[in-house]
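**Q** Chains A and B are the protein sequences, given in the same order.
Residue 26 in my numbering sits at position 26 of the first sequence, with consecutive numbering throughout.
So the mapping is simple: my numbering equals the position in the second sequence, first residue as 1, plus 51.
Mixed in with the good hints, there may be bad ones.
[Said to hold, decoys possible] Using 20 Å as the maximum straight-line C-alpha spacing, the simulated SDA-like pairs for lysine to any residue come out as follows:
1) B/K281 / B/K576
2) B/K123 / B/W506
3) B/K452 / A/D48
4) A/K26 / B/K609
5) B/K350 / A/T2
6) B/K452 / A/P45
7) A/K26 / B/Y347
8) B/K281 / B/S563
9) A/K26 / B/S520
10) B/K350 / A/V27
11) B/K609 / B/R451
12) B/K474 / B/W485
13) B/K108 / A/P45
14) B/K350 / A/E33
15) B/K350 / A/P45
16) A/K36 / B/S520
17) A/K36 / B/R349
18) B/K452 / A/D46
19) B/K108 / A/D46
20) B/K620 / A/D48
21) B/K350 / A/Y25
Don't read these hints as lab results, they were simulated from the structure.
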Amino acid sequence: MTTSGLIVMLLSVGTAATLFGWCIYKVLTTPRETEKVHGVELHTPDMDGEG
Amino acid sequence: MAVAGSAVGLGNFLRFPGLAAQYGGGAFMIAYAISFLIIGLPIGWAEWAMGRYAGGKGFNSAPGAFAAILNKPWAKYVGIIGVIVPVMIYMYYVFIESWCLGYAVKFWTGSVDLKTTDDAVAMFKAMSGQLADGSALSFSWNTALPWLLVVFVFNFWLIYRGISGGIEKMCNLGMPVLIVLALMVLARVMTLGAPDPAKPNDNVVNGLGYMWNPSKVQIERTQPAPGEAKVVEEVVGAAAITEAEQKVAASGGALKLVTITPWQQLKNPLMWMAAAAQIFFSLSVGFGVIIVYASYLRKQDDVVLSGLTASSANEFCEVALGGLITVPAAVAFLGLASVAGQGTFGLGFTVLPLVFAKMPLGMFFGGAFFFMLFIAAVTSSISMLQPGIAFLEEAMNVGRKVSVTILGMLTTLGLGFVVFFTKELKALDTLDFWVGTFLIFILATIQIIVFGWHWGIQRGLKEAHQGASIRIPRFFGVIMKWICPVFLLTIFAMTVLTSVFGFDLSTKTFGSASSYVVDLMGGMKDGKEVEANLAAKLSVVLVIVVACFFALLSSRSKAFQRAEQGLNKHD
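So that you can see chain A by itself, here it is in the shape it has in the complex:
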């Protein structure tokens, strides 16, 4: 592994981990944010329309 390879790896992994950590911090420390942040959630409103 070359020095430039090591730099590319550390930058990529470090950036991805830092960004993910910051997002978790932001969601958990902003009031009511956990209710406003959504992913691709499996239960959709059209499921409630039929029995």
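Keeping the supplied structure of chain A fixed, place chain B upon it in accordance with the hints.
**A** Frame of chain A; chain B shown alone:
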């Protein structure tokens, strides 16, 4: 955790390492990182904002959303790409999902006995049916069919009954477990060293070098004979390069050692297209999925932080875990030559099982790892069905159960096709390129143009910022308006020029088209004249037939007519 769970799928641990290996590692990572910043994040935010806007007008499908935003009769036909992509990807994604379940059960029952690379390759070929067309359809412990039946019924049972709470809870519990398991596997891989003392160059450090080094060093033939490959092998590491220099010196001028800079590698438009497609695939951007799920959100929900959190969770799993596990382990066990020759999913299903087979409690950890992948894949595959369901509900004005039934029949036909044509995984590979890469590319380009030019950046960002706790940085306005569309259109044009017309960028001459085009039209492949491949041609016919079916339904939809007129669906 729900957001992270929904973002993580097979693409992180299986597709990404395979592509990185296929396109040469470090340079691919540069293209990938740039693609994340200038297309993944911006188009993701655009999709969240446009989906929520359309949902506010009562439209939940991609054709309905496009018609509601553009107010033009042709808009719904553009939108059907957002239905074709997830539905057709589902047809092969669920097949791969069944391999995960099969591997998990085989590990847990102790029936995985892998001693060599050949054992692992044989196990994967039997499971995926690569030996011959139709071989995956035999009902056996070692083939995909029994697992596929379980997976397919499980998927539709969940979505038909609407019992999603259980799987969401399982996902919430499973995701931290998956990450912990991945970290344990990572620790094991990083301490592998050189597993075979007879091959000291096949070690983890060289694997990391192959994955992350921006420059490539390879031995090439000075004058390759007709039909002979120009590249002999790639070499990584000081010791391997010294050996390569001796080999070249002894060849009497027949071989030469060449260093390829990242700039030379980055001239390959196919690599850029693959990097961009991987960003789209793993973030579910340009997929037609986010726009549908965002349509169910309220104005006070935060689409900016939702998009960023989902993307960052995905990138963490993909780059920090997937990127450090599979390729380094593959190089350590198989050597560089074998890694470069692997297909998109080959690494995950041949190398990881070998790693587990050689670690303490490997049967348990292997089973747990593949089962967690299976759970992650279930959430992704169910999310791929919702765009089709929402479309059929709107286009045909039917309820969910009718819609699920029709979609179930359609995907059964498609899945049957993919599972039959498994020789060299031709149907799966063809659909993955033309739908999982090409069509996603087109849809994403249209979406960002609609956001940046039809809406305009000011209005688009205003829509996105409703309810948001963070602001999209201003420079993303320039990226969304100019850089992203120009970037996508340039790669697209270059890919057509090189793949379809066979233009060689280095020699500025016209040669043979890419293998995906040769599969459809015949031509030169690896220096030989080959005929078009039947499975590849039928795969494209399948896409066209499904597209025509969706277009016919769209043309008769009253809901889409209301959208075109700028009306709310329920007014």
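**Q** Tell me if the straight-line CA distance from B/K350 to A/P45 falls inside 20 Å.
**A** Answer holds: B/K350 to A/P45 is near 16 Å, not above 20 Å.
**Q** Does the alpha-carbon distance linking B/K452 and A/P45 stay inside the 20 Å limit?
**A** holds, 13 Å
**Q** B/K108 and A/P45 were given as a pair; does the straight-line alpha-carbon distance stay at or below 20 Å?
**A** holds, 15 Å
**Q** For the pair supplied as a hint, B/K620 and A/D48, confirm whether the alpha-carbon distance does not exceed 20 Å.
**A** Distance of about 19 Å is within 20 Å: holds.
**Q** Holds or violated: are the alpha carbons of B/K474 and B/W485 at most 20 Å from each other?
**A** holds, 18 Å
**Q** Can you confirm whether the C-alpha distance between A/K26 and B/Y347 stays at or below 20 Å?
**A** Status violated; Cα separation ~23 Å.
**Q** Has the given pair, B/K350 with A/Y25, been kept, meaning a C-alpha gap of at most 20 Å?
**A** Roughly 23 Å separates the two Cα atoms, so the pair is violated.
**Q** Taken at face value, is the distance from the CA of B/R349 to the CA of A/K36 at most 20 Å?
**A** holds, 9 Å
**Q** Given the hint that B/K281 pairs with B/K576, does the C-alpha gap stay at or below 20 Å?
**A** Distance ~14 Å between B/K281 and B/K576 Cα, so the pair holds.
**Q** Can you confirm whether the C-alpha distance between B/K123 and B/W506 stays at or below 20 Å?
**A** holds, 14 Å
**Q** Within a Cα-Cα threshold of 20 Å, do A/K26 and B/S520 meet the stated pairing?
**A** holds, 9 Å
**Q** Under the criterion that the straight-line Cα-Cα distance not exceed 20 Å, is the pair A/K36, B/S520 satisfied?
**A** holds, 9 Å
Violated hints, in rising order: 4, 5, 7, 21; the structure is consistent with all others.
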